[in-house]
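**Student:** Residue-level listing of the chains:
Protein chains: 4
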Amino acid sequence: MARYDFASDNVVGAMPEVMAALADANAGAVTGYGGDPVTARAADLVRQALDADCEVRFTASGTAANAFALATLAHPHEAVICHEHSHIATDEAGAPGFFSAGVGLIPLAGAAGRIDPRALAAVLAQPDVSYRQAPAVLSLTNATEFGAVYTEAELASLAGPATAAGLGLHLDGARLSNAVAAGFPLAAVKRLGIDVAVLGGTKAGSTPSEAVAFFDKGLARRLDARLKHAGQLVSKARFLAAPWIGMLETGAWTARAAHANAMARRLAGLMPFPLAHPVEANGVFVTMDDAALERLRVAGWFVYRFLDGSARFMCSWATTAEQVDELGAALKAIA
Amino acid sequence: MARYDFASDNVVGAMPEVMAALADANAGAVTGYGGDPVTARAADLVRQALDADCEVRFTASGTAANAFALATLAHPHEAVICHEHSHIATDEAGAPGFFSAGVGLIPLAGAAGRIDPRALAAVLAQPDVSYRQAPAVLSLTNATEFGAVYTEAELASLAGPATAAGLGLHLDGARLSNAVAAGFPLAAVKRLGIDVAVLGGTKAGSTPSEAVAFFDKGLARRLDARLKHAGQLVSKARFLAAPWIGMLETGAWTARAAHANAMARRLAGLMPFPLAHPVEANGVFVTMDDAALERLRVAGWFVYRFLDGSARFMCSWATTAEQVDELGAALKAIA
Amino acid sequence: MARYDFASDNVVGAMPEVMAALADANAGAVTGYGGDPVTARAADLVRQALDADCEVRFTASGTAANAFALATLAHPHEAVICHEHSHIATDEAGAPGFFSAGVGLIPLAGAAGRIDPRALAAVLAQPDVSYRQAPAVLSLTNATEFGAVYTEAELASLAGPATAAGLGLHLDGARLSNAVAAGFPLAAVKRLGIDVAVLGGTKAGSTPSEAVAFFDKGLARRLDARLKHAGQLVSKARFLAAPWIGMLETGAWTARAAHANAMARRLAGLMPFPLAHPVEANGVFVTMDDAALERLRVAGWFVYRFLDGSARFMCSWATTAEQVDELGAALKAIA
Amino acid sequence: MARYDFASDNVVGAMPEVMAALADANAGAVTGYGGDPVTARAADLVRQALDADCEVRFTASGTAANAFALATLAHPHEAVICHEHSHIATDEAGAPGFFSAGVGLIPLAGAAGRIDPRALAAVLAQPDVSYRQAPAVLSLTNATEFGAVYTEAELASLAGPATAAGLGLHLDGARLSNAVAAGFPLAAVKRLGIDVAVLGGTKAGSTPSEAVAFFDKGLARRLDARLKHAGQLVSKARFLAAPWIGMLETGAWTARAAHANAMARRLAGLMPFPLAHPVEANGVFVTMDDAALERLRVAGWFVYRFLDGSARFMCSWATTAEQVDELGAALKAIA
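Residue numbers (the working numbering), protein chains in the order written: chain A, 103 to 437; chain B, 103 to 437; chain C, 103 to 437; chain D, 103 to 437.
Fair warning: there could be bad hints in the mix.
[Stated by the list, open to error] Chain A is nowhere near these chain D residues, computed Cβ spacing over 12 Å in every case:
1. Ser-202
2. Ala-213
3. Val-225
4. Arg-234
5. Arg-323
6. Phe-375
7. Ala-394
8. Ala-401
9. Glu-428
10. Lys-434
[Said to hold, decoys possible] Selected chain D positions facing chain B (in silico; Cβ < 7 Å):
11. Tyr-135
12. Ala-203
13. Lys-330
It is worth saying that the hints were derived from the structure and are not from the lab. Beta carbons: idealized from backbone N, C-alpha and C, even for Gly.
With the hints as extra help, turn the sequences into a complete structure.
**Tutor:** Right under this line is the structure:
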């Protein structure tokens, strides 16, 4: 059977801190739907990490978290500006449209998953017309789908014009821990004026859980009913919240992301194929033809050809130096 | 702080078999989104329990499971026949409408949460007209919201006319384990011609997970994309599936439901207030005025006044005889 | 073939003023989608009639007008309070749910189609909970579905508490012309704080056209795109607007409604069956058993048994005294 | 004020045959919602024109007609293959997503608005994956947005592979009359296996009305309720149907389209700017820089720069040779 170790950062299980927190949270009879002490404590930890007084909720799916967040920011007849290779545009089977009755996407180009500011400016300069879904939200992803990490200044150069044009701001932080480990300050989320941020738990090493932070509390009207209506509120809410206690209280969310990033750098150092993008977080993207990819698969390693045609190797909290070296040797053999 | 022990069957944590299965499932790197061996094994166990070759998926939310199931059975301009006090009608914040662009509900009366067959017949006799959402699905709940358990014959007397009228059949089995423990044969689900059945994990004693069985495979076209689109497909799918291995392989799903049912009977035996409904599963519903309910709360026990005005006491896998006796004494004191 | 003269006020064609206005509007090449001079003039006339600086749009369907209006006032996870026999609750096939991804309805009782203020107070007193769609809008209908006409004071006694509770206000004015002809001041719409009002054209005597007035311009963000997105913006918009020039400029909208109301009073005077509701607008509702209704149909006259079990006779701009007398004679014969 | 004569084929009013039919249809009291004799006769004429036993309905908006049709053919988690410059992709403000809870679009390239068969083949060859909306419908437009007319054989080369892959077929025939006038046989619609066809009335010279023909009657379950639910069923349905009597019974639908096509050819003959696309129907698309377009506007003629950057001149049933010659002279003057 093929080895999936580097196929994605979601192929591995949960880190020990998460499993321990789940076991801790399991005791006792508490009220449901997020009114319990475990959820309260996890939400406090998220607020503390973000240094912000925001509403925090937890969902089992990152796709749901993003789509739900966008639905609070855009009307159905409006659109979301995003990178053409963003997760919401390419990997969520149209979930933003489902959660908001047909909200549109305006995909923009840009190197390594960063949105090109000129492309954004061009869209913002377009007149509102009745036959087109005008942008209401700018969706940003950090780290990007191609393993790049925006600096705060880079994000500000996109967020600023968007905010000036009246748009809301969404942050897809499925790999925000990797960005933070790479130097992006978590407090920048508030400074940038993000309205809704999704903090990734799953890819960071949790059981299924994403934290959604609503900085604009005006969006949070009847938030729990909205989550319930959208099938995103569970009764035993503590099991979605507890992982965040495990990850944030111990610092593991960032520390293990730093490890994943380091493993990616190690892999990059061993890589015989040319890098397609700079290695700034936990992914290594290389130029590799079909024959080489096939040889790698025959050698037992499964990885995906990604959106831009590059081959993608993802490291996670669980990746070991031995795995990296083993893969490095396999790559060398088939290069 | 108030004791929530009897407030619901979802106020407690997960049974040991589930926690063990989660720990077991945590190892290794596997493909995501349900393509993994843990999910395959759990789905096989569900099929085996139902004695049916159905498609099986797992969701974190029972509300989502029900609403998603209904969306596969009804067009937006159609409606779902349900009990007026069913979960989909009273406790899901309109989720069926969200998942299917406005599908309607046709709530019917009936004792103890069972739909009155005459009420069903009256609805089925109505002509199709353009200004009304005609029924396309009959939704059944077993055990009912009031702790009653339909026999197979009782369900057949509802399912038969509905099927004859061309309707699909949905089973909300949030407490199906309690029904099974009370004598309802699981194989009856297939015999009744149910199209989509939701098997409750959460209330049975799992971390958040419900199993959805699609008996009509024609409904399952591109099922995973449909789940993804609706924010119901998670990458680390094994964590939603593993609990079912823990519950089904060991027999705990039924055995612990039998315990919960027994605790309800024990509580009924101690109950100084008149029963509002027969105690057939894990709930005890009693007639209790506001003053008495307030005294109980002052005494430290929180329970809900329920949809029909009765006070509801729910037992779970975790309820102990000591807890029941303690509550019994408290009830006696305030009666 | 059965005579439909009294089956509804939408069974007849358009009044001469409307047909003339359509012919007038037909000339020339103008820009589409409502940017044309005909639409501008019609919107001005609506604003003038309402004595309000509101945004005005025209739709072909009253159901669409209501559902669209409600979608601007309620989030999908919220609900609309309405009379249990209101058009949105009983005659629109769930359109409010479609236009707003599952918005709910909270139907209230009340005599002759008027909402009982005590029923409203009871709903407004309910706490917000996550599992229920809380009310975000109060929908009022004047004249009511049972031919009653709310006074401004009566509406204020409903609108006041709703507004105080933070709800928006929707007016279904499908028969607003009949209410105005019966003494309801059109300027009261603004005074009552209505957020979105639908002014009925079709039942007043137009070709298919309803005027929708958005008093709260904050709701009108990208209104034309929202209409387009919802399939409610037509290119040759002048044909939906022109009827309003014909009806408002001439005063025919009110004058012909006064005629319809007078015909209803005439019919009430001839009616051998007991009135089920006071005759305040253009409808006559009577208590009539199945055998009598069948005799009437055999005699050639088709009318509907209505929501509350009464038999409904509607008069329109086109109803003549001769028709009324003819029907009166038929009724006398079968009574 | 600018002259809009050539800005679109929807800037003019309705042809005399339509106005006469409306006047004819205005008499009498008939049942509503499409049960009337006028609607029945119009539907028969559409069936006769298509030589097919299909269900026929009429909507006021072409956008609604297309979006509604697509919603009957695709699930929300699926997608519609269309030309990148098709009306549904560029001019409907996301209506397909609204009518079907987020259905996606897969835009393909191709010269003059025709879909490139190789692009279609590439999409059909893609594997179904859970994270992407797979195609369920192929949407075809004839005449195309760029004034080209597909032959039956050309359409068959697209429809064949799509049908073989299990896709449904939608025809946007907003300008089908122009295609027919150019030689496309109307009976080909059935031969090609189209499931739902929209026949354009508005651009052909009607007041707002499109005919929607459902060839696959399985899609038509509770069709009127579905239309009502979506805000597309009007009570005085005869006013949407009557134009089709005027257009089809007299042959004006095709005859006046032939005139529009001829006017386009006349304009092409006078055109001093290079044609961007062949002139096969009623549009003339030319390469014209911003300065020239501005000079034309200064000279009093408003036309649009179109999706591919060309300048678009549309002729209609109402275009006169004098207008064409006048425009030709203006173009010559500014060229």
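**Student:** So, for every hint listed, does it hold in this structure?
**Tutor:** Results of checking the hints against the structure:
1. Ser-202: violated, 8 Å
2. Ala-213: Label holds. Min Cβ-Cβ 23 Å, cutoff 12 Å.
3. Val-225: At about 15 Å from chain A, Val-225 of chain D clears the 12 Å cut-off, so the statement holds.
4. Arg-234: violated, 6 Å
5. Arg-323: Its Cβ never comes within 12 Å of chain A, the nearest being 22 Å, so this holds.
6. Phe-375: holds, 25 Å
7. Ala-394: holds, 21 Å
8. Ala-401: holds, 23 Å
9. Glu-428: Correct as stated: the minimum Cβ-Cβ distance to chain A is 28 Å, above 12 Å.
10. Lys-434: Given that every Cβ of chain A is farther than 12 Å from that of Lys-434 of chain D, nearest at about 31 Å, it holds.
11. Tyr-135: Check passed: Cβ of Tyr-135 of chain D comes within 6 Å of chain B, closer than 7 Å.
12. Ala-203: Hint holds; Ala-203 of chain D Cβ to chain B Cβ min 5 Å, cut 7 Å.
13. Lys-330: Holds. Min distance 5 Å.
In this structure, the hints that do not hold are numbers 1, 4, in rising order.
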